[in-house]
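> For reference, the chains in residue letters:
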Amino acid sequence: MNMVRYGFWFLVFPGFAFSALIGMLASWADRKLAARIQYRQGPPLLQPFWDLRKLLSKEAVIPRSASRSLFLLSPLLGLAGATVAASMLGVAAFWPGKSFVGDLIVLLYFLLFPGLSLMLGGLASRNPIAALGAAREMKLIFSYEPALLAAISVVLVKTRGELSLSNIVSWQALHGPVALSLSGGLALLLALFAVQAKLSAVPFDLAEAETELASGVLIEYSGFLLGIFRLTRMIMLYLMPAFLVILFLGGIGPGPVGILLGLLKFFALLAAFILIRSLSPRLRTDQAIKLFWKGGLGLGLVALALALWGW
Amino acid sequence: MKSAAKALKKSAWVFPFFSGSCNNCNIEILDCLTPRFDLERFGVLLVGNARHADAILVAGVLNKKGVPRLKRIYQQVPKPCLVIAVGACALSQGIFSGSYAISELPVDRVVPVDIYIPGCPPKPEAIMAGLLKALENSGTKVPRTVRKK
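Chains as they are written, first to last, in the numbering used here: chain A, 1 to 311; chain B, 312 to 460.
Excised from the complex, chain B in its bound form:
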C-alpha cells in the first residue's frame, strides 16, 4: 500500500477542466509543460480523458452549464482523485461574481477541492508548487465527501 501511495505522487496524470474562464489560466497551465517548467520531470502528464486521470485541474468560474459536467467528470475519474482549483475565478468567482450565467455554487461546493491556487492568472511556478503540494499531501488525509449545501 505504501508504494501505491508513492506511485500516485510520482505519476499524476492531470485532466484539465476549463469552464467559462477567460483562457488566461488555461494558457498558464499549458505553460507548465513547456521546456522552461517541464512538469513531466515529476511524472505529471496532461491527459485528454477523465478515465486516465488522477487529478482534475479546474480553471475558470463554474457556469451553469458547467456544473453537471464537472460532477460527471468527477464521477468518471477512477478514485483516488485529486481536485485542484486554479485561479481567482475557480476560488471565488473572481470578476464574474454576480453574473447571471454562473453557478450559485463555487467549485468547492460541487466537488471536493484538495488545494486552491490563487492568482489572476496564477504563475506557472505557483501552479506547479500547488500541484506538487497537493500530491505531497495526497493519501495523508481522509477522503472528503461532496458537501451538500
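Chain A extracted, bound-state conformation:
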C-alpha cells in the first residue's frame, strides 16, 4: 500500500504530473510577463506545451564523439531529481504529518540535481563550447550555494533549529513569517538572487549564454533530450519560488483564504524573479562569483548575526 502511495506522490500529485503542469504555467507566465515588459504581446497560453510536444517529435541527434550513456542519462537524472524534490515539497505542504525530520537537507541535495545534470550532459557531449559552459555552471554552483545555505541557515536560527519543512511552516503559523523580521527579510532578498542563479536565469545565465556560447551546455542536445531539460527547468521554475514561500513566507496556509494567500505569495515571488530576469544584463563569470562571495555571503553573514541577536 505504501508503494502505491509513494508512486502516486512521485508520479501524479505533488510529483511529476502536477509539477510539470504548474511548471508549464509558470514558464508561460515568465515569457508572457517578460514580453509585456518589452511592450510585446508574448506567446499564447499553450506555448510551453507546444514547445515540449514539438521537441518530443523532433529527431534527437547524438554526437559521434559523445559519451553515449552519460549523454542520454544526464537529462533523466536532472528530471528525476527535480521530480523527487517536487514530491517532497508537495508532501510537506499538503500532508504536513507525512514529512520527516531533515527533509529540508535532503531537498537541498535533490535541488542540486538539475544543475549537476546540465554540467554532466555538457561534459558528456564532448563539445568544447559545452565544456566551457559546464565549467561556468560549476563555478556558478560554487558561488550561489554558500549564499543560499547562509540564507536558509537564517531560517534555521529563527525557528530554533527546525529541520523539517512542515515544522518550519507550523512555527511560522504561530510566530509569523520569517521574512517579516529584519534578518529574515535580508535572507529572503539573498535567497531570491541565489534562486535566480539556480534557475540560470538572465543575470546568471552564463552557462548557456545564447549570444556568446550558443546555449553552451545544451549545445549538442536536440529533440526529446532537450525537451527533458526544458521540462526540468519548468519544474524548477515552479519549485524554487514554492520552496521560498515555505521557508520564508509561511507556506500555503489552511483553509481557502490561506490557499489564496499562498498562491499570491507564490506569484509575488515569481513576478520578482521575472522582473529581475527581464531588467538586468548578464554578468561575467568573475562578476557573478564576486557578487555571491562578497555581497551575497557578506549579506548572509550579517543576516545570520542579526538572527542570532534576535532581530
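Just so you know, these hints were derived from the structure itself, not from any lab.
Small disclaimer: the values here were computed from a predicted structure and weren't measured.
Among the hints, erroneous ones may be present.
As the list claims (entries may be wrong) - 30 Å max Cα-Cα, derived DSS-like pairs, lysine-lysine: (1) B:LYS390 / A:LYS32; (2) B:LYS313 / A:LYS32; (3) B:LYS320 / A:LYS32; (4) B:LYS376 / B:LYS390; (5) B:LYS320 / B:LYS434; (6) B:LYS390 / B:LYS313; (7) B:LYS444 / B:LYS382; (8) A:LYS32 / B:LYS434; (9) B:LYS382 / B:LYS320; (10) A:LYS32 / B:LYS444; (11) A:LYS32 / B:LYS382; (12) B:LYS434 / B:LYS390; (13) A:LYS294 / A:LYS139; (14) B:LYS376 / B:LYS313; (15) B:LYS434 / B:LYS375; (16) B:LYS320 / B:LYS444; (17) B:LYS444 / B:LYS434; (18) B:LYS376 / B:LYS317.
Here the structure of chain A is known, so what remains is to put chain B in place on it, guided by the hints.
Showing chain B alone in chain A's frame:
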C-alpha cells in the same frame, strides 16, 4: 502524429544564416522580433544554435566560403527542418550576381528551400507572412532531397 505536425507549426525555432549579405535583410529579420511585429506571438524564437532549430532563415548571397557551412548547418539541424530564403540575394544573387567571390550555385541548389521571400530587403511583414506560410504548408509536402547539379 497529427499533434506533432501541429506542434511544429506552433513552435518554430529559427536559426538565422547570414552569408555575405549587405546586412539589410538581417536587420529586417531582427525587426520581426520587435514590439511592433513580435514573432513570439506565433511561438517563433530566434536561436543561436543549429541543434535547437526547426527552420533556417538564409539571407544574403551565398559566397564561396558559405557553401560548405550552409550544407553543414543543414545537416546539423534535427529533421524536420524548413529552409526559408530571404531577400533578392538569396533568391537570385541580386546585385552581387557575377561577382568572383560568390558561389556558382544559388541557395536552392545547395539546400532544399521551402519558401522564397523576395525584396531588397523584404519588409518585416513580408518575412513574417512568408515564415508563417512555410509553417502552414509544412508537413503537407513530401520532403525534398537536395538536388544535384
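> Next step is simple, just say for each hint if it's right about the structure.
Here's how the hints hold up against the structure:
no. : hint                : in the structure
1   : B:LYS390 / A:LYS32  : holds, 28 Å
2   : B:LYS313 / A:LYS32  : holds, 27 Å
3   : B:LYS320 / A:LYS32  : holds, 19 Å
4   : B:LYS376 / B:LYS390 : holds, 24 Å
5   : B:LYS320 / B:LYS434 : holds, 22 Å
6   : B:LYS390 / B:LYS313 : holds, 16 Å
7   : B:LYS444 / B:LYS382 : holds, 24 Å
8   : A:LYS32 / B:LYS434  : holds, 26 Å
9   : B:LYS382 / B:LYS320 : holds, 24 Å
10  : A:LYS32 / B:LYS444  : holds, 24 Å
11  : A:LYS32 / B:LYS382  : violated, 35 Å
12  : B:LYS434 / B:LYS390 : holds, 28 Å
13  : A:LYS294 / A:LYS139 : holds, 15 Å
14  : B:LYS376 / B:LYS313 : violated, 39 Å
15  : B:LYS434 / B:LYS375 : holds, 27 Å
16  : B:LYS320 / B:LYS444 : holds, 10 Å
17  : B:LYS444 / B:LYS434 : holds, 15 Å
18  : B:LYS376 / B:LYS317 : violated, 36 Å
Going through the hint list in order, the structure does not satisfy hints 11, 14 and 18.
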